[in-house]
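Using the sequences provided together with the hints, build the complete structure.
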Amino acid sequence: MPSQLTILIVEPDKTRAEAIIDSLVATGDHHIKVLAGHTGLARSVAEMNPDIVLVDIANPSRDVIEELTLASSPLERPVAMFVDRSDDSITKAAIEAGVSAYVVDGLRADRIQPVMDAAIARFHMFSRMRSELAATRRALEERKIIDRAKGILMRARNLSEDEAYALIRKTAMSQGRKIADVAQALVTAADLLS
Amino acid sequence: MRIQPLTVGFMPLVDAAPLIVARELGFAEEEGLGLTLQSGPSWSTLRDRLVLGQIEAAHMLAPVPVAMALGLGGISTPLDALSVLSVNGNVIGLSNPVAARLYDTGFTPDFTNATAARNALAAIDGPLRIGVPFPFSMHTELLHYWLGGHGDTDPRSLDIRTIPPPLMADAIAAGEIDAFCVGEPWGSITVENGGGELLLPGAAIWNFAPEKVLAARAGWTAANPDLTGRLMRAVWKAARWLGDTSKRSTAADILAWPEYLGLPAEILERALTGRMILSRHAPARHVPRMVAFFDGAATFPWKSQGAWIGSRMARRLGLDPAWAADKAAAVFRTDLYRQHLAPLGVDMPGASEKLEGALAVPTPVASDNGTLSLGPDAFFDGRVFDPQSPG
Numbered sequence: 002m003p004s005q006l007t008i009l010i011v012e013p014d015k016t017r018a019e020a021i022i023d024s025l026v027a028t029g030d031h032h033i034k035v036l037a038g039h040t041g042l043a044r045s046v047a048e049m050n051p052d053i054v055l056v057d058i059a060n061p062s063r064d065v066i067e068e069l070t071l072a073s074s075p076l077e078r079p080v081a082m083f084v085d086r087s088d089d090s091i092t093k094a095a096i097e098a099g100v101s102a103y104v105v106d107g108l109r110a111d112r113i114q115p116v117m118d119a120a121i122a123r124f125h126m127f128s129r130m131r132s133e134l135a136a137t138r139r140a141l142e143e144r145k146i147i148d149r150a151k152g153i154l155m156r157a158r159n160l161s162e163d164e165a166y167a168l169i170r171k172t173a174m175s176q177g178r179k180i181a182d183v184a185q186a187l188v189t190a191a192d193l194l195s
Numbered sequence: 004m005r006i007q008p009l010t011v012g013f014m015p016l017v018d019a020a021p022l023i024v025a026r027e028l029g030f031a032e033e034e035g036l037g038l039t040l041q042s043g044p045s046w047s048t049l050r051d052r053l054v055l056g057q058i059e060a061a062h063m064l065a066p067v068p069v070a071m072a073l074g075l076g077g078i079s080t081p082l083d084a085l086s087v088l089s090v091n092g093n094v095i096g097l098s099n100p101v102a103a104r105l106y107d108t109g110f111t112p113d114f115t116n117a118t119a120a121r122n123a124l125a126a127i128d129g130p131l132r133i134g135v136p137f138p139f140s141m142h143t144e145l146l147h148y149w150l151g152g153h154g155d156t157d158p159r160s161l162d163i164r165t166i167p168p169p170l171m172a173d174a175i176a177a178g179e180i181d182a183f184c185v186g187e188p189w190g191s192i193t194v195e196n197g198g199g200e201l202l203l204p205g206a207a208i209w210n211f212a213p214e215k216v217l218a219a220r221a222g223w224t225a226a227n228p229d230l231t232g233r234l235m236r237a238v239w240k241a242a243r244w245l246g247d248t249s250k251r252s253t254a255a256d257i258l259a260w261p262e263y264l265g266l267p268a269e270i271l272e273r274a275l276t277g278r279m280i281l282s283r284h285a286p287a288r289h290v291p292r293m294v295a296f297f298d299g300a301a302t303f304p305w306k307s308q309g310a311w312i313g314s315r316m317a318r319r320l321g322l323d324p325a326w327a328a329d330k331a332a333a334v335f336r337t338d339l340y341r342q343h344l345a346p347l348g349v350d351m352p353g354a355s356e357k358l359e360g361a362l363a364v365p366t367p368v369a370s371d372n373g374t375l376s377l378g379p380d381a382f383f384d385g386r387v388f389d390p391q392s393p394g
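Protein chains in written order, with this note's numbering: chain R, 2 to 195; chain S, 4 to 394.
Honestly, I wouldn't trust all of these hints.
Said to hold, decoys possible - Quick list of in silico lysine to any residue cross-link-like pairs, SDA-like style, CA-CA up to 20 Å:
| no. | chain 1 | residue 1 | chain 2 | residue 2 |
| --- | --- | --- | --- | --- |
| 1 | R | Lys93 | S | Gly222 |
| 2 | R | Lys93 | S | Trp223 |
| 3 | R | Lys93 | S | Arg132 |
| 4 | R | Lys179 | R | Asn159 |
| 5 | R | Lys93 | S | Thr80 |
| 6 | R | Lys93 | S | Pro44 |
These are computed hints drawn from the structure, not numbers from a lab.
Below, the structure written as structure tokens:
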């Protein structure tokens, strides 16, 4: 069993930070720490002297970590971005998943790999969750619009709810448009006329 | 002409204007480009997206492609600086307590005299913690040039810290730093929030500092000459439009849109029109060339500008300045600039490098059509940089 790694996660969201920790625990008996804040980030990182730093690529504070790649950085051991130390595919996978990693010089690739694989998988899950949330929100919005459109038709043309929906659907199909778009057009027009 | 899609990354700053204008005023479309602009959360992420091909080109700090050519900062994929997007545009600001201590010494700020400001800062006690947006930036180079004296100061003697621009105003208000050098509008936002005041424009240290470049992967520009040319022409036309100062208020309105900077046009307008407000309730002051996009061959990627950046960076980080100047000059692609902008009849300078800092006033120079005038490009200390002897 190789000696444990010190891994630092820079993540302001507590729930996300815990989720990342959970995924890393499975890869070995590591020292895992989390930094949330922007304040004095470079110095705090230096004090912890980590082997690997993981940071969300959407985090503006990433540029602060970038300072650690300089020879004059406050860190004792120079850090490189993972990109230079490994084949392109894993770096690409990491950036696409939304995580960037900074690794100290001299750390062997086979020690980094499992940590990166776990982090990449976890960040993919985050982005899936984000997409799902956005899709759910959109569906909810669309349902509200369709309900309003149905209501307008029911009043204006004295239709039942099912008939109103059937009419919207038929119009959408004949025009090659989405049901939500037809409903939106109807709601907008009704707002303008009212 | 078929419309070709192209994605370009930018950081939400005033000097992203040429890209935003290229898209919004139809210059990109005129060149057959369907330009998508993608806002970046940080310079490092913009760089990584560029390196990995997620974006084709980017608004980039001029020293970043140079650092990469020198093997600094972790990634060494070669990038081309295709043209200069903006000249100047930074401001140096002080926290309220430090500004007060400076005035106690009898210093009267004039937003012009960098020597006087430096001497006044040297006279107050205590270390100065200074925020910059990125380790490889014109902000960092200008600060070292200005405060580090003529060269071989230990980089550790200056306490320069990286702080993302949107957090700069908060950092100085919270007392985490005593001063900053940052791109607009973040200096003006600090003033607006009452967190500090402005001491100097970057232009007071170097009258003509190449601030941002249009950067693309060297492999991509070689494989896609047609797209590279279209992009460069669209951006050049946008720069020409921005060169007309009467358009700058309109530019501020466009930059204010939520998908770009999402900040009040009134604040963005300050740097664009050169009417800067230095402290809360102070009247506006006219600053010549606060940020320049076109005049004085501002878009031309002078090899000597690259060489200056390379040799300064080398001194600071313990590399050979002559070697670094050569490497850096090669990143500034005057050849591609000449090739791709020739169809527009752009008046090209006769040379691709020049003495930097030699011109105190606008000066006519040899060019294809004889209409080109350069400068002023003086350094605050009057020194002249010769790219042939960069030591």
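Notebook entry, point to check: What hints, given by number in increasing order, does this structure fail?
Noted result: 3 and 4
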